[in-house]
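Peer 1: Build out the structure end to end from the sequences listed, making use of the hints.
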Amino acid sequence: MPRERHETGRDASDPIVEVRNVSVTYDLENRDAMVLDDVSIDLRRGEILGVVGESGSGKSMLANAMMDAVEEPGITTGEVRYYPESDAAPINVLDLTDEELRELRWEEISMVFQGALSSFNPTMKIRGHFEETLKAHDYDVEEGMERARELLSDLYLDPDRVLDSYSHELSGGMSQRALIALSLILEPEVLLMDEPTAALDLLMQRSILSLLDDIKQKYDLSILFITHDLPLVAGLADRLAILYAFELAEVGSTEQVVSNSQHPYTRALLKAVPNLDAPLSTMQPIEGTAPNPAHAPSGCHYAPRCPLATEECHQEQPPWFDVADDQRTACFHHDEAEEAVALEPGVVDA
Amino acid sequence: MSGHTSSPVGRSATGTDDVVMSLENVSVHFDEKQGFVDSLFNEPRRVKAVSDVSIDIPENDVLALVGESGCGKTTLGKTIIGVQRPTEGSVSYRGQDVWDAKDGVGDVTIPHGDIRKALQMIHQDPGAALNPNRKVLTSLEAPLERWDPEMSTEDRRARIFALLDRVGMEPPQDYAHRYPHQLSGGEQQRVALVRTLLMNPDVILADEAVSALDVSLRVETMDLLLELQTQFNTSFVFISHTLSNARYLAEKAGGRIGIMYLGEIVEIGPPDEVLNDPQHPYSKVLRWATADLDPNEQEMVDPPVRSIDIPDPVDPPSGCGFHTRCPEAREACKRSAPDLDAENAAPGARCVACHRTDPTHEYWNSEPLAGTEDTTTPDVGGDGR
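Residue numbers (UniProt numbering), protein chains in the order written: chain A, 1 to 350; chain B, 1 to 385.
Careful, some of the hints might be misleading.
What the hints assert, rightly or not - BS3-like mimics (lysine-lysine), calculated; alpha carbons at most 30 Å apart, straight line: (1) K33(B) x K125(A); (2) K216(A) x K135(A); (3) K218(A) x K125(A); (4) K216(A) x K284(B); (5) K102(B) x K117(B); (6) K125(A) x K216(A).
To be verified - Covered stretches of chain A, as calculated for chain B (at least 3 residues, CB under 8 Å): (7) 63-74; (8) 129-141; (9) 226-236; (10) 265-275; (11) 281-289.
Simulated from the structure, these hints should not be mistaken for lab results.
This structure is a prediction, so every number in the text was calculated from the model and none was measured.
Ideal Cβ placement from N, Cα and C applies to all residues, glycine included.
Peer 2: Below you can see the structure in the form of structure tokens.
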């Protein structure tokens with residue numbers, strides 16, 4: 001039976017994580033390579049925010065930056081503010097000491113990576129991972145293991161069997177679910193998920209997504225869900241953020257972005273994804289290739305591939321335009337996008 | 001082997017003359033490796049990757065095989081192009097048994113070398129399929145040197161350049177002198193494609209050929225594959241785990257989609273029938289798993305299966321392989337395995353291996369299995385409990 005789409009977390013004035021002007025650069029020999037360019041976005045309390053981008057668009061960098069976990073020699077600039085409670089003073093994540101960061105990660109903000117097999121130690125049973133995590137963060141182990149069993153059952157796993165297994169003894173879908181349980185063992189407020197289902201079969205992907213919805217309600221989580229698969233996240237996320245070549249192109253409620261996008265890239269992406277219902281003729285590739293981080297265009301990053309690009313687009317970075325209630329688009333020609341990149345009615349209204 | 005002889009699926013209307021590959025009652029089993037002591041006391045664990053599949057590949061055909069990982073789709077694909085020897089059953093190329101030709105058994109009318117040349121493959125990861133230390137040109141010359149040593153260098157290069165040009169890599173002279181790492185993923189895939197086309201193959205197996213590519217490149221690459229399929233009169237067997245890619249390829253080429261589950265084809269037919277009106281409960285599950293773009297159309301409902309985990313292929317369920325997860329399963333499904341029933345079907349028509357398609361089957365009088373009525377709550381623990 002269909003669940004109600006929960007309207008919680010639509011309150012724009014109650015963010016749990018604020019990302020402001022965050023950039024990540026790598027210092028190459030001659031020039032800087034910018035892999036995340038001045039991104040500002042809120043994760044609202046209790047929402048699922050879907051971040052969609054193609055490979056190399058910087059979407060994993062965004063999640064890493066939110067935990068100040070960008071690997072050396074990458075340099076993160078800007079501000080990431082975490083609000084443990086609605087009215088509490090924010091914690092500035094990028095200014096924390098190593099010890100404070102250790103406490104923030106997993107206990108407050110937790111992350112699930114793609115590929116569970118490489119996240120588990122192959123010589124340790126799943127139980128060991130849970131116990132080790134609880135001890136490292138000075139949690140009560142017995143109480144924690146009770147929670148572990150409950151989490152595993154919530155994810156349709158048999159706790160005894162999973163805890164006594166090594167990761168290679170579980171199927172891909174089972175170990176990925178065990179990893180989600182592990183990420184929640186310290187009762188975090190925020191869950192960052194980086195392509196958590198990418199290596200799995202479609203059926204398992206969708207099953208995990210429907211479980212996530214339940215888990216979010218039960219444990220009061222705010223979730224950032226990163227994926228390259230727009231249709232996958234469209235049914236789950238409250239809002240979508242579209243990343244193209246290291247910068248945000250469009251942010252808005254899922255319905256708006258999918259059926260009323262005002263950005264030519266989002267619209268082209270919607271057309272480029274094969275799906276089951278749309279007529280074949282409406283599916284078209286996006287011409288050209290995404291820019292290299294060391295040679296990003298000076299203006300709008302999408303301009304070289306964009307049918308609407310003018311001189312202005314090549315010279316200047318477009319500012320944000322509020323195109324609808326709770327939807328913003330970084331495009332000078334947002335009012336022409338609908339006409340220029342037409343979506344067949346069948347694509348979304350079927 | 002289950003004994004019954006089913007006639008191959010999808011025989012074309014004009015008879016058997018234009019059938020390139022024909023598989024009859026093919027099974028492929030793999031034995032798990034054992035230690036020495038273990039081998040003295042225990043039988044090896046046997047994985048049935050493909051069980052009792054019969055299928056024909058006519059000329060200019062497009063077949064898309066879809067299924068979850070471990071369902072045997074790659075093994076079946078490799079068996080179709082004669083690189084995987086079947087444990088049981090026969091694989092023939094234009095009437096010549098491929099493995100008899102290889103072993104020199106009986107009257108060999110088509111030498112194995114010619115068969116090998118006619119059946120080619122594109123791998124999933126184009127980066128790993130090309131030798132990183134060789135220029136594109138060197139990689140492409142190798143098969144021509146092997147199969148046609150008489151050909152002059154000029155002819156060889158002219159042919160390679162023409163094909164590179166054909167797949168949109170212009171100027172070909174420039175691309176030919178690059179190394180694989182100097183190409184994008186899409187370009188590497190094109191080089192791999194050119195390498196197979198140099199052999200003028202009759203059948204190309206494309207194993208997840210687009211899933212490693214970026215979203216915006218997939219449609220373009222699939223279009224290219226289909227264009228070449230028509231130009232070169234080649235048959236394609238595509239392997240995919242996503243229904244939407246399979247639909248794009250099969251529908252555009254007027255081909256078939258085959259849904260696989262635990263080593264068997266459970267439903268096969270034209271894409272619009274299989275996708276818009278799936279008959280097998282497993283096809284319906286895959287249809288459910290394929291996300292719809294419209295967020296309002298795809299509320300997060302629970303999957304239409306009783307367990308979201310796949311049973312162990314070493315010890316597959318009795319009767320119908322899907323009965324442990326099927327929301328419609330009844331006692332009869334545990335006892336007898338449904339047949340794809342292709343012998344009575346019209347050529348190219350949809351076939352389904354499910355008791356529910358037979359209105360007189362004992363299924364309708366048998367008891368539903370536990371858990372089937374409440375289909376909204378999947379079984380806890382999958383194969384665990």
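Peer 1: For every hint, state whether the structure bears it out.
Peer 2: Now for the hints, and whether the structure bears them out:
no.: 1; hint: K33(B) x K125(A); result: holds, 23 Å
no.: 2; hint: K216(A) x K135(A); result: holds, 25 Å
no.: 3; hint: K218(A) x K125(A); result: holds, 27 Å
no.: 4; hint: K216(A) x K284(B); result: holds, 27 Å
no.: 5; hint: K102(B) x K117(B); result: holds, 13 Å
no.: 6; hint: K125(A) x K216(A); result: holds, 27 Å
no.: 7; hint: 63-74; result: violated (count 0)
no.: 8; hint: 129-141; result: violated (count 0)
no.: 9; hint: 226-236; result: holds (count 8)
no.: 10; hint: 265-275; result: holds (count 7)
no.: 11; hint: 281-289; result: holds (count 5)
The structure is inconsistent with the numbered hints 7 and 8, although it conforms to all the rest.
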